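Participant: The lines below spell out each chain.
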Amino acid sequence: MHRTGSLYGQFKTLEQQKDTATLGMWIFLVTEVMFFGGIMLAYTINRHTYFHAFAMGSNTLSLLLGTCNTGVLLASSFTMVLAVWSAQTGKKKLIPIFLTLTIILGLIFFGVKYVEYAQKFHHHLVPGKTFDISYCVDNPSKCEDIDAADLAKEREEIDAARAADPDLNAHAQLYYSAYFGMTGLHALHMVIGVGLLLWLLKESFAEKFTAEWNNPVDIVGLYWHFVDIVWIYLFPLLYLIDRHK
Amino acid sequence: MRAETTGPAPQLPEKHYLNATYGIRSWLLTTDHKRIALLYLASVTFFFFIGGFFAMMIRLHLLTPNGYLLTPDQYNRMFTMHGVTMVFFFLIPSIPAILGNFLIPIMIGAKDLAFPKINLLSWYIYILGGAFTLWSMINGGLDTGWTFYTPLSTIYSNSAVAPAVVGVFITGFSSILTGLNFLVTVHTMRAPGMTWFRLPLFVWAHYATSIVMILGTPVIAITLGLAAMERVFGLGFFNPAMGGDPILFQHLFWFYSHPAVYIMILPAMGVISELIPTFARKRLFGYHFVAAASLAIAVIGFVVWTHHMFLTGQSTYAAVAFSFLTFIVAIPSAIKTFNWTATLFGGSISFDTPMLYAFGFLGLFMIGGLTGLFLGALGVDINIHDTYFVVAHFHYIMVGGAVMGYLGGLHFWWPKITGRMYPEWLARIAAFILFIGFNFTFFPQFIVGIMGMPRRYHTYPPEFQIYNVMSTAGASILAVGYLLPMVYLTWAAFYGKVAGENPWPATGLEWKTQSPPLTENFEVTPVVTWEAYDFHNRPDLGLDVPSGKGSPGVVAPAHGDD
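Quick mapping for you: the protein sequence lines, in order, are chains A and B.
Note that numbering that gives the first Met the number 0 gives residue 66 to position 67 of the first sequence, counting from 1, and the numbers run on in steps of one.
Note that numbering that gives the first Met the number 0 gives residue 46 to position 47 of the second sequence, counting from 1, and the numbers run on in steps of one.
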């Protein structure tokens, strides 16, 4: 189909094109809800069945890093809104600035996530043959990034959890399956989101977005917020199950 | 017969979507929904014949009780790959991605789908997924059954599970994007005057199908994704060794894969809803009910999935509820069947090839649907679960229903797609061969299933041999029935008689543009002022039916040689 300016040939008006694209993104987000819904169901059932293992798994996560990433993502939602706002109000110079800020915040998220994932590998908390929920409390010298007081506390928690669930090590792997499955999928969506933002950045440098036509910014914004909302669910589901009493 | 006796012989239009541009790039980079439909037609047909090859191997092996053709292990791979190919690479994309893609924009008077590039993307995703699955088939094949049940698929199977699962996972997104495209298109791209209740029922059926696609497919995607990660990276949701639950996989799998049955059958119902009014020359009886029945099937279809799992030890109360819901979902299908039959009453029926397929559909779908109720009934299901009765049941729906609808639709719209007619008598003969071959293949399986022959076994007791010989003989007739249309439809695309704008004649908007259509479908955006299938108020069709409103029961005079 031929394209005249911003209007693609299959549409009659920009208005129709905008409605269509927006509806398309909303329906896509519905499919995403179903997509994450499947793994959240698996999480829910297993958390119900193996609560102690899940609580214990959750306690081995770094609350500091998780909270930090939650803050980063919330801030990125804010900068994204500002990018949408500057597009809608025709402030062409501001759009790339806010998009860049959003991208930077997204990259910070990846950085923190990298640190977290690396920790889990070092602490033998990746599902598989080497998985050992008590690796750090048994080998404190290998986990110098956790201080002794926390390790002592963790030792007590693990003992209590093991008393309630003798197969703790197997079931904690389910928790970590959920952790890597859910945060991995979320991170994949972030990668796609950053890719879309980079494309918007390129278009906004070319001053493609005006007060009349800014729908791409709008619908990428929808996507970005959706990915943030997923994290808003993941954070309590994974980090805050049964924090230190 | 067709009312085409007067006037000069029609000519092919000078400019149309097939000759608008030339060259391989113009096809592989096209965003024209009609060309993408043809890309799908070629690739789906390719997979159909691959799946058919596996089916042939199964039937040949089962010719004798001990089966000399395949080893048990090879036999497992054959029925698995038959199922995977036919379900995910033929049945699910067949009608929506080919006929739906081609017709929906034209039927609603649009120039294209809402997202033409996404439409092309979905074809490439389909090809990529297909490539992964083919790779699995070439590298040792797959032996888990098309259901990929865990922990067989995640732990124990020695076959190439990972690439196949990844292939099906990828292909799911092609289906999601097609559904998304259709939904948005129907909402925002309709021509002036094309109100919701003037939409052809083919469009309604695809609207309902799209709902299932967008709500169900992501769930199978995540489920197969988790299974693949379990096999490759050792995640544990379905692994009993970690406390995971294989039954959870079955729930998630059937949450999609039962509604997926409706992805396969609803579009075929949409085709039948076009064929019957056209060849009965009557407005479809109970238009609103047929439209609503499509939506009802889509919605209720999501709450029946555990009827595949009655024998997994689920709670009796859950089983009772799901059995009840399974009976409920049969009601909208029955409404449709009764309405199609009622449309025939007092109609002026002609027996052109598409109508033969429609009749075939009616009979076979009825048998398939009613035997589905046997399986939905708790007590009976315990007896016939995992027997050939199940195999016969779903082939009556999938082949007798979906494929009959697909072939009927392909014949009906072939003159629109290619601008040329297929050879009528040859096509009628092929339709008969198909019908006979199909029943010969699958009816004995009902009997042998009731007698207790289990599915998926590579041997059987000698007393079942007669039924299996009949089945294999029928399958070879069926194969002729499939090869014939492929040959003469291809021939007709180049050398058939020129069809003209509206050879049947039929009432839809697609018949108000040239055949084959322009790239933009219409020279000017049409304005719709008539109701769907309103033969009585369509003098432009040149039909000899009484005009005026409120005469749906009036018997149209017989015409031609019928």
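You may find that some hints are simply not true.
[To be verified] Simulated pairs of lysine to any residue, SDA-like, Cα-Cα distance not exceeding 20 angstroms: (1) B/K116 x A/W25; (2) B/K116 x A/K128; (3) B/K116 x B/V231; (4) A/K17 x B/V231; (5) B/K511 x B/T489; (6) A/K11 x B/W26; (7) A/K92 x A/K207; (8) A/K128 x B/F373; (9) A/K92 x A/H1; (10) A/K128 x B/V231; (11) B/K116 x A/S5; (12) B/K116 x A/L13; (13) A/K128 x B/G242; (14) A/K17 x A/R2; (15) A/K128 x B/Y155; (16) B/K116 x A/K92.
Honestly, the hints are just simulated from the structure, not real lab data.
In this text the structure is predicted, and so the values were computed from the model without any measurement.
Participant: Assess, step by step, whether the Cα of A/K92 is no farther than 20 angstroms from the Cα of A/K207, and give holds or violated.
Facilitator: Status holds; Cα separation ~11 angstroms.
Participant: Hint check: A/K128 vs B/V231, CA-CA at most 20 angstroms. Holds or violated?
Facilitator: holds, 13 angstroms
Participant: Is it true that the CA of A/K128 sits at most 20 angstroms from the CA of B/F373?
Facilitator: Violated: A/K128 and B/F373 sit about 46 angstroms apart, past 20 angstroms.
Participant: Take a quick look at whether A/K17 and A/R2 sit within 20 angstroms of each other, Cα to Cα.
Facilitator: holds, 15 angstroms
Participant: Are A/K128 and B/Y155 close enough, with their CA atoms no more than 20 angstroms apart?
Facilitator: holds, 17 angstroms
Participant: B/K116 and A/W25 were given as a pair; does the straight-line alpha-carbon distance stay at or below 20 angstroms?
Facilitator: holds, 18 angstroms
Participant: Does the alpha-carbon distance linking A/K11 and B/W26 stay inside the 20 angstroms limit?
Facilitator: violated, 25 angstroms
Participant: Please verify whether B/K116 and A/S5 have alpha carbons no more than 20 angstroms apart.
Facilitator: The given pair, whose Cα atoms are some 15 angstroms apart, holds under the 20 angstroms limit.
Participant: Does the alpha-carbon distance linking A/K17 and B/V231 stay inside the 20 angstroms limit?
Facilitator: violated, 42 angstroms
Participant: For B/K116 and A/K92, compute the direct alpha-carbon distance and say whether it is at most 20 angstroms.
Facilitator: violated, 30 angstroms
Participant: Are B/K511 and B/T489 close enough, with their CA atoms no more than 20 angstroms apart?
Facilitator: violated, 24 angstroms
Participant: Assess, step by step, whether the Cα of B/K116 is no farther than 20 angstroms from the Cα of A/K128, and give holds or violated.
Facilitator: Violated, at about 45 angstroms.
In terms of the numbered hints stated before, the structure departs from hints 2, 3, 4, 5, 6, 8, 9 and 16, listed from lowest to highest.
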